[in-house]
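Trainee: Sequence:
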Amino acid sequence: MAVVTHARHFPLYSLEYVLPLGLSVIDHPAVLRFHEDHGVDLTTRFWELEWCYNPEYITIRSESPLDVVVSIPLDDNRLMVVIDETLTVRVEWIEAETIEDFTP
Numbered sequence: 130m131a132v133v134t135h136a137r138h139f140p141l142y143s144l145e146y147v148l149p150l151g152l153s154v155i156d157h158p159a160v161l162r163f164h165e166d167h168g169v170d171l172t173t174r175f176w177e178l179e180w181c182y183n184p185e186y187i188t189i190r191s192e193s194p195l196d197v198v199v200s201i202p203l204d205d206n207r208l209m210v211v212i213d214e215t216l217t218v219r220v221e222w223i224e225a226e227t228i229e230d231f232t233p
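Residue numbering for the sequence shown follows our numbering, starting at 130 and increasing by one per position.
Treat the hints as calculated values from the structure; they're not laboratory data. Accuracy of the hints is not assured; some may be wrong.
FRET-style restraints, in silico, Cβ to Cβ [to be verified]:
hint: 1; residue 1: Glu221; residue 2: Pro184; range: 14 to 20 Å
hint: 2; residue 1: Glu221; residue 2: Ser193; range: 15 to 21 Å
hint: 3; residue 1: Asp213; residue 2: Glu185; range: 17 to 23 Å
hint: 4; residue 1: Glu221; residue 2: Leu171; range: 17 to 23 Å
hint: 5; residue 1: Glu214; residue 2: Gly168; range: 33 to 39 Å
Think of the CB as a built atom: it goes at the ideal place given N, C-alpha and C, for glycine as much as any other residue.
Can you build the whole structure from these sequences, using the hints too?
Mentor: In structure tokens form, the structure reads like this:
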């Protein structure tokens with residue numbers, strides 16, 4: 130099982146840290162709206178959101194160029210977001226009857 134993370138390096142301060150890849154999408158408008166529509170408050174601690182840190186919710190479709198899908202399940206619905214090599218986040222598809230129009 131691959132663990133996908135997002136690393137930041139600050140050469141001026143000699144500081145480097147690694148975060149779960151799910152944190153790259155947690156504040157995306159589509160992710161916020163999806164959770165809001167399901168009554169989930171995203172001000173909760175991220176470690177309470179299993180999709181945010183568990184690699185089972187991540188699919189690496191390509192390593193070069195990087196193309197990673199994060200699957201976010203809520204109730205019987207699922208939001209799928211894609212992260213590319215520039216950490217650009219986009220909604221690829223939504224399996225949800227309750228969400229009609231997303232304009233992220």
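Trainee: Indicate whether the distance between the beta carbons of Glu221 and Ser193 respects the range 15 to 21 Å.
Mentor: This hint holds: roughly 19 Å between Cβ atoms.
Trainee: Take a look at whether the Cβ-Cβ distance between Glu214 and Gly168 falls inside 33 to 39 Å.
Mentor: Check passed, 34 Å falls within 33 to 39 Å.
Trainee: Lying within 17 to 23 Å: is that true of the beta-carbon distance Asp213 to Glu185?
Mentor: holds, 21 Å
Trainee: Taking the Cβ atom of Glu221 and the Cβ atom of Pro184, is their distance within the range 14 to 20 Å?
Mentor: With a Cβ separation near 19 Å, Glu221 and Pro184 satisfy 14 to 20 Å, so the hint holds.
Trainee: Against the range 17 to 23 Å, how does the distance between the Cβ atoms of Glu221 and Leu171 compare: consistent or not?
Mentor: holds, 20 Å
In this structure, every one of the numbered hints holds.
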